[in-house]
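Undergrad: Next come the chains, spelled out residue by residue.
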Amino acid sequence: AQSVSQHNHHVILSEAASLELGCNYSYGGTVNLFWYVQYPGQHLQLLLKYFSGDPLVKGIKGFEAEFIKSKFSFNLRKPSVQWSDTAEYFCAVNVRNTGNQFYFGTGTSLTVIP
Amino acid sequence: DTGVSQDPRHKITKRGQNVTFRCDPISEHNRLYWYRQTLGQGPEFLTYFQNEAQLEKSRLLSDRFSAERPKGSFSTLEIQRTEQGDSAMYLCASSFHIDRNTEAFFGQGTRLTVV
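These protein sequence lines map, in sequence, to chains A and P.
Going by the working numbering, the residue at position 26 of the first sequence is 26; the numbering climbs one at a time, nothing skipped.
Going by the working numbering, the residue at position 47 of the second sequence is 47; the numbering climbs one at a time, nothing skipped.
If you're looking for bench data, these hints aren't it; they were derived computationally from the structure.
Some hints here could point you the wrong way.
If we take Cβ atoms under 10 Å as the criterion, some of the chain P residues that face chain A in the derived model are [unchecked claim]: (1) F74; (2) T76; (3) E78; (4) E83; (5) S87; (6) L91; (7) F96; (8) F105.
All residues carry an ideal CB built from backbone N, CA and C; glycine is no exception.
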């Protein structure tokens, strides 16, 4: 079945630790890829996106993600997390030729300990 | 605030009652999406509109659910004869779809609790 998989459901890190959250998708064709973040009590916000070009994309707040087409992956990274990064992170895929909806992973809850 | 606006933010209703939610998208956006999110899950697609036309509906959208976007601006999502399983966060998103590259902007959501 077509899906978006986020392997880490809950991650706990200390401040200044490095972060990598995995995302794999199983949709064929050309895709647009996104990471959304949901801070406690707030709405989903776009962290970064990939449409085409350089597979390493940079987003807000020091986050970046790398699209590896051969692995159907779009992992999120940050070299040094802060307490304020505590949030829920969602990977999403939009299949370009259909373009009709965004498919989301189940999310990863990140807790950063000061 | 020029973001996506949803009303109400919270709704508690008794089983069997009807509820209606409203979404005001970002003004120039031609696409509007409804999603549902339950605890521990990512948003699940319900339906979307291109201007006033409802172009796709998920199998999750049972006959008790109906959505409208009468003038291609705001949208309403109605749930008839609510059930406890309808308890969830209902999210609205909008996008400006001009080519195949588009991103969705989400509202705060309406949290529905059916008791």
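Undergrad: For a quick check of understanding: which of the numbered hints are violated here, in increasing order?
TA: 1, 2, 3, 4, 5 and 7
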